[in-house]
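Visitor: Each chain is listed here by its residues.
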Amino acid sequence: GIQVEQSPPDLILQEGANSTLRCNFSDSVNNLQWFHQNPWGQLINLFYIPSGTKQNGRLSATTVATERYSLLYISSSQTTDSGVYFCAGGETSGSRLTFGEGTQLTVNP
Amino acid sequence: DVKVTQSSRYLVKRTGEKVFLECVQDMDHENMFWYRQDPGLGLRLIYFSYDVKMKEKGDIPEGYSVSREKKERFSLILESASTNQTSMYLCASSPEGRTPYEQYFGPGTRLTVT
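Those protein sequence lines, which keep their order, are chains G and S.
Mapping the first sequence onto this note's numbering, position 84 (from 1) lands on 84, and the numbers just tick up by one.
With the second sequence counted from 1, adding 109 to any position gets you this note's numbering.
Isolated chain S, as found in the complex (with noise of 0.2 Å):
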């Protein structure tokens, strides 16, 4: 079975804080993928990475960075935690170059940021 596990399941941070959220696979997926989940806007792309040290902007990229420096694990970072951050953000990943090319995600993350 493919497991995403992240780091926390709540977070509470202050603004201005700088915020780490952590997501590993073990499935040895080339693609990792990060989301936010807001009510009405539905799920949105931030950022995804299609190899180690390979990243791409997804829809709204603004006010967060990524890291991959190893294949299973995929770092979000908000440099500098805004209210407007708080948000359920998820991870997920998929193999590429061979079927099925199935997203599994992980458990997600609740961070309030006040």
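So here's chain G without its partners, still in its complex pose (with noise of 0.2 Å):
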């Protein structure tokens, strides 16, 4: 099966800065999810993004799925971004999804 790999494992940034989290695949997905994991251990999906650019508000995420590679840029980082960000991958369109280990981010006021 897919092997998932994210990087770094732990993040701590001070407010306002931006950050930069990915996530490398060893094999080709259909589909790809980012989501944040809140403290309440509810997962938020952030990007459906089996490829290509994405932007919802100071997020952003790129796939590039020949290099299999994504990309999660947080900008102007705020207290509340803290928390685990996961990606995750599946080999066919609707099927199982293998999460990689999660960027533990804390951001600090």
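Some hints here could point you the wrong way.
What the hints assert, rightly or not - Derived list of chain G stretches under chain S, where covered just means 3 residues or more per stretch with a C-beta under 8 Å from a C-beta of chain S: (1) 37 to 43; (2) 100 to 106.
To be verified - Ranges between beta-carbon positions, derived for each pair: (3) S:195 - G:58: 45 to 53 Å; (4) S:179 - G:44: 43 to 51 Å; (5) G:64 - S:180: 30 to 38 Å; (6) G:54 - S:153: 25 to 33 Å; (7) G:52 - S:193: 35 to 43 Å; (8) S:150 - G:58: 24 to 32 Å; (9) G:79 - S:169: 33 to 41 Å; (10) S:219 - G:5: 24 to 32 Å; (11) S:169 - G:58: 34 to 42 Å; (12) G:42 - S:195: 37 to 45 Å; (13) G:44 - S:221: 18 to 26 Å; (14) G:76 - S:186: 40 to 48 Å; (15) G:10 - S:153: 17 to 25 Å; (16) G:40 - S:150: 17 to 25 Å.
What the hints contain is simulated information worked out from the structure, not anything from laboratory work.
Glycine included, each C-beta is placed from N, C-alpha and C at the ideal position.
Combine the two chains into a complex, taking the hints into account.
Guide: Here it is, written out as structure tokens:
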């Protein structure tokens, strides 16, 4: 099955800083998502992005499918951005997702 | 908005008890999934279902079973709960055959087995 590697595992920022999270896949994926897990454990959908670039406010994501990686950009970080960010990929469109181990982001005031 | 609900946020059970975790989605999704999340191990797939009465084993099915009698409901069953099944359980659903094939998650159930 697919292997998913996220980096960095931990990231500490000052409020207002920018950051880039990376996700590498061992094989091609047709389904790729980014999630943010809030302090209560809920996984919040950030992006469904099997290819291309998307933006939503201060967050954006880019997936280069041919090179099997995806990037999540957080600009002007806020303390509420803290939490764990997961990427996950699936081999076929509606199939199961394999998750990376996550990036623990801490944004300090 | 897609809504996935789970029957309990927190649950405490005793070793050997039969435990039912219920998940309901309201978006007519064909696919439903059960994951567990443990520190240092990430999210791992237990079982999934792509249609009513259909089920497929995920990566860690041992000690679990599932039931899908209706399209909107997917139940996870711990036949005889053990302490190593203490975990966070997350249910998800996604559509089949229509884009985007995005998975949506419920709020999770934190199960403690004593």
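Visitor: Holds or violated: 25 to 33 Å for the Cβ distance of residue 54 of chain G and residue 153 of chain S?
Guide: 27 Å, holds
Visitor: Tell me if the beta carbons of residue 76 of chain G and residue 186 of chain S are separated by a distance inside 40 to 48 Å.
Guide: 46 Å, holds
Visitor: Okay, residue 219 of chain S versus residue 5 of chain G on CB: inside 24 to 32 Å?
Guide: 27 Å, holds
Visitor: If you check the beta carbons of residue 150 of chain S and residue 58 of chain G, does the distance land in 24 to 32 Å?
Guide: 30 Å, holds
Visitor: Would you say the C-beta atoms of residue 169 of chain S and residue 58 of chain G sit inside 34 to 42 Å of each other?
Guide: 36 Å, holds
Visitor: Holds or violated: the 35 to 43 Å window for the beta-carbon distance between residue 52 of chain G and residue 193 of chain S?
Guide: 42 Å, holds
Visitor: Lying within 17 to 25 Å: is that true of the beta-carbon distance residue 10 of chain G to residue 153 of chain S?
Guide: Distance hint for residue 10 of chain G, residue 153 of chain S holds at roughly 21 Å.
Visitor: Should the hint that residue 42 of chain G and residue 195 of chain S are 37 to 45 Å apart at their CB atoms be regarded as holding?
Guide: 19 Å, violated
Visitor: Tell me if the beta carbons of residue 179 of chain S and residue 44 of chain G are separated by a distance inside 43 to 51 Å.
Guide: 27 Å, violated
Visitor: Assuming the hint says 33 to 41 Å, is it satisfied by the Cβ distance from residue 79 of chain G to residue 169 of chain S or not?
Guide: 35 Å, holds
Visitor: Counting residues of the stretch 100 to 106 of chain G that have a beta-carbon nearer than 8 Å to any beta-carbon of chain S, does the count reach 3?
Guide: The restraint on the stretch 100 to 106 of chain G holds, since 3 of its residues have a Cβ under 8 Å from chain S and three suffice.
Visitor: Using C-beta distances, would you say chain S covers the stretch 37 to 43 of chain G, given that this needs three or more residues below 8 Å?
Guide: holds (count 4)
Violated hints, in rising order: 3, 4 and 12; the structure is consistent with all others.
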